[in-house]
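**Q** Listed below, chain by chain, are the residues.
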Amino acid sequence: MFRRILQLRSARLGLGLLSAILLLAIIGPLLAPYSPLAGSDAVLAHPTATHLLGTDYLGRDVLSRILCGSTVSVFGAVLVALIALLVGAIPGILSVYLGTKFEWLSLRVADTLTALPFLLFAASMTALLGNGIMQAMVTVGVLVAPAYYRVSRAAALSVARSQYIEAAILSGASVTSIVRKHVWGKVLPPIAIVLASTMGHGLVVVASLTFLGIGVQPPQPTWGGVLASDLGYLSYRPYAPLFPTFLILITVWGFNLIADAIRDVAGESGRVLLEQNAASTLETKQKSARRAKPAPARHDLLPSTRTRAAPAAAASDVLLSLKDLTIQHSTTGNEVVRGLSFDLRKRRVLGVVGESGSGKTLTCRAILGTLPKLFQVSRGTIELKGRDISEFTRKDWNAAHGRIISAVFQDPASYLNPAIRVGKQVEEISRVKNGLSRRLARAHTLRLFEALQLRNPQLVFEQYPHELSGGMLQRVLIAAAIALEPEILIADEATTALDVTVQAEILDLLLDLKDKIGLALIVVSHDLAVVAKLCDEVIVMKSGEVIEHGTVHEILHCPQHEYTRLLVAEHNSYGLDRFLKVGEVEKLDHAS
Amino acid sequence: MADVDLGSVTRLRLERAARSVLGALAVFIPVFLLGTFVTYFLGYLSGLSPAHLQLGEAATPSAVARLEHEWGFDRPFIVQYVSWFGALLKGDLGVSWYNGRQVADLLSARAMISLSVAGLALVMGTVTGVILGTLAAVLQSTWIDRTITALTSFISVMPSFVVGIALVTVFAVTLELLPSAGYVPLEDGVWPWLSHLLLPAVALSFDTTASIARQLRVGLISAYRENYVIGASLRGFSDRRIFFVHVLPNGIAPALTVLGMKFPNLLGGAVVTEAIFGLSGYGKFASDSALRGDVPSVQGVLVVSVVLVVSFNVLVNSILNRVFPSAGRGA
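Protein sequence lines, in the order shown, are assigned to chains A and B. Residue 591 is where the first sequence ends in numbering that gives the first Met the number 0, and the numbering goes up by one at each step. Residue 330 is where the second sequence ends in numbering that gives the first Met the number 0, and the numbering goes up by one at each step.
Wrong hints could be hidden among the right ones.
Claimed, not checked - These stretches of chain A come out as covered by chain B in the derived footprint (C-beta under 8 Å, 3 or more residues): (1) 200–209; (2) 241–250; (3) 408–420.
To be verified - SDA-like, lysine to any residue: derived pairs with alpha carbons at most 25 Å apart: (4) A:LYS423 <-> B:SER237; (5) A:LYS372 <-> B:LYS89; (6) A:LYS372 <-> B:ASP144; (7) B:LYS89 <-> B:GLN79; (8) A:LYS423 <-> B:THR9.
Stated by the list, open to error - Covered stretches of chain A, as calculated for chain B (at least 3 residues, CB under 8 Å): (9) 125–133; (10) 449–463.
Because the hints were derived from the structure by calculation, they are not lab data. C-beta atoms are modelled at their ideal positions from N, C-alpha and C, and glycine is treated no differently.
Please construct the entire structure, taking both the sequences and the accompanying hints into account.
**A** Here it is as structure tokens:
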């Protein structure tokens, strides 16, 4: 761990800076060319060969004052951090083990100390308690202590709750090896981070206090004190504050570099990792839309194409047509979906079956124009009502989403804004897109909720997503998806996470909607039963390729491909039918 | 049927309001009680009494004892504390040992200075922080984002006295654009008043600016990655609507929380900025009184600052609960 930190250039830089400062704090007073307290006639002199940094308003050598002041300034900060560690970490660890009363009280004390105006209290307390450097360090240490309290408490909690330690004890590992392997690794990095950052913070606070003449009285030199004596004479020596400021900033920077390095290595922030993950999973719509358009001809916007495409659509009833769709991972070049083609007609239900990772969801996302950042359509076309969607602008998509094509997904809660009442979110659609008044939009929403068999629509309207169950949320989401009466609805694993009875109700609703408003459905599922119930036509996908395409009857009763046969067979052997038969057999056994 | 529906809707709303109020009280009443106790205990711990301040060199043991009895300092600590706390609840902060005036009067005379600096700093910090954070999040991974991120991490490590001195050097001493020190009451004109407050407020606001910008950037970026953004986009909403209605209210929560935590720093940082800019507000009053050993005055300032912090946090908390109702789930 230590070696890995040292491999970072920033950590080496930080350590270098801090070693230099530490050296300065130790031998600084010895290097001083003059006594820091000795005045001279050369008042407020500019830097010269005799006074490298000039003199202050009493004619004292600024370089000597800064050098002599470094001891108090730097060691003050280090001691503050150590006092805080002592005062904070012990109750932090104890709070996990000493019972709820101590836990509650210590938490409240930590809250309170954090909420206090820091410098105001530090200055007042130090001055009232005797105005010495010890008082300053202790008060600042106590006020900083909650930071240590929190990290040591969190570390103690994670150790106390972790099951791998129990497992290690059970497997007979020695206490010292458990502590070394499991506890230190968890406890040390966060404490080290807080140590480094509080030392930086402590330096600033000690400098601020001494700047105010608190903790260390004026004649004695400190970095903050040097700054304070410069302040009144800025018009004579406007550059004067630069010297102590430079040292203060260098030191704080050094501590921060170290803290960041530990954080990076210990994966506290895991910044790089996070960004990679996020980029590969989800991303905002507009970027993919921008990516997907290879400079469309300006005259080729929606209204004109609608008329042009209309005869074709009327002739064949084809709403959506995929030809040889191939989706590629942009960095690895892997083709995650290969050569997918199908047509979706009005009021038809197409099922897409396959195991996870077979490219079902990416296909849906491509059709919806919301492919994640790292994926792109590398070959083939998707035509929505006769228009190639690669030519869609953001505006075209705004017009198409909700009105032509819409979708519901697994994990409905995540697709609703947690900060807005669900009714308002559905109401927003008809208000914004259809220009309905608030009252009419609300009435429309309540009608939708009723149609989706939500009990007590008025109450649901007022509730937030976290107050509703999964089944209710999926109904709300379907209501949102059909609010503008789209022609195509994609249901991507929409019933997967729901329990069986709710699942059946939602499937019935989808079928009902198909008949009532003439929806065409694409139902993505890994569950053959769902597909059998809903679909006219089925596509079976495996590793990004279509291995079978036919009517439900064909697929279920005479599957051609081995994988499909496996799916059907698995379903038969794990499905309800088998248990029914077993039950019947048992009954027969009892009877005989 | 309709009655039942309306009844349950009202009940839902009442429950939500009650939960948010109770949650705020549960957190902040202990902070108030403990904060004021710490303040009082501090005076006790200092061992100072008015006798030393008033009698000076002439303090004989009998004279000290007489005066301490007069002020009630020979009573047990807890009795003294209770009577002090009782007076505090009535708004009586005691009498300054230094000049015998009511601490509450001394403080209210300075309230305008401190609150205008802190308030101005709060507004400036929030506005610039929101602008920078939003720009960085919307233009994520561009050079603008990188510049803003570098800038905010730079100014977040800048101690406020360094910023203050730099501002004085540049704007007051070198460019002579703004006054370097002092305070002019609002009655003398808006610009004279504001011109004296601008530099200290800017110096004080840097920390807030940096924190808000960072938190807002992180909050907005993570909100943009949420599925509900895809959801909103699939309903055919414009980028602008998605940002203002669906991303911003959710992404702003961490920044708001930090704002509540930064307010104490604004009040506390005043100690330094007031010293640099020669303002006689709460910070200066606190350090002067503490150096003089004027315990009641110090306690008065600290108590008022605790009350300000607690009220501000209750305000931020209730805004948070309104904007982000599911945050109240755990409370």
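**Q** Please work out if A:LYS423 and B:SER237 have their alpha carbons no farther apart than 25 Å.
**A** holds (17 Å)
**Q** Does the structure keep A:LYS372 and B:ASP144 at a Cα separation of 25 Å or less?
**A** holds (19 Å)
**Q** Taking 25 Å as the top limit, are the C-alpha atoms of B:LYS89 and B:GLN79 close enough?
**A** holds (16 Å)
**Q** Would the pair A:LYS372 and B:LYS89 pass a check requiring their Cα atoms to be no farther apart than 25 Å?
**A** violated (62 Å)
**Q** Can you take a look at whether the stretch 125–133 of chain A is actually covered by chain B? Rule is 3+ residues, C-beta closer than 8 Å.
**A** Check passed, 6 qualifying residues.
**Q** Verify the coverage statement for the stretch 408–420 of chain A against chain B, using a C-beta to C-beta distance below 8 Å and requiring 3 or more qualifying residues.
**A** holds (count 9)
**Q** Please count how many residues of the stretch 449–463 of chain A have a CB within 8 Å of a CB from chain B and say whether that reaches 3.
**A** holds (count 6)
**Q** Holds or violated: A:LYS423 and B:THR9, Cα atoms, limit 25 Å.
**A** holds (17 Å)
**Q** So is the stretch 241–250 of chain A in contact with chain B by the C-beta rule, three or more residues under 8 Å, or is the coverage claim wrong?
**A** holds (count 3)
**Q** Count the residues of the stretch 200–209 of chain A whose CB lies closer than 8 Å to any CB of chain B, then report whether that count reaches three.
**A** holds (count 3)
Checked against the numbered hints above, the structure violates only hint 5.
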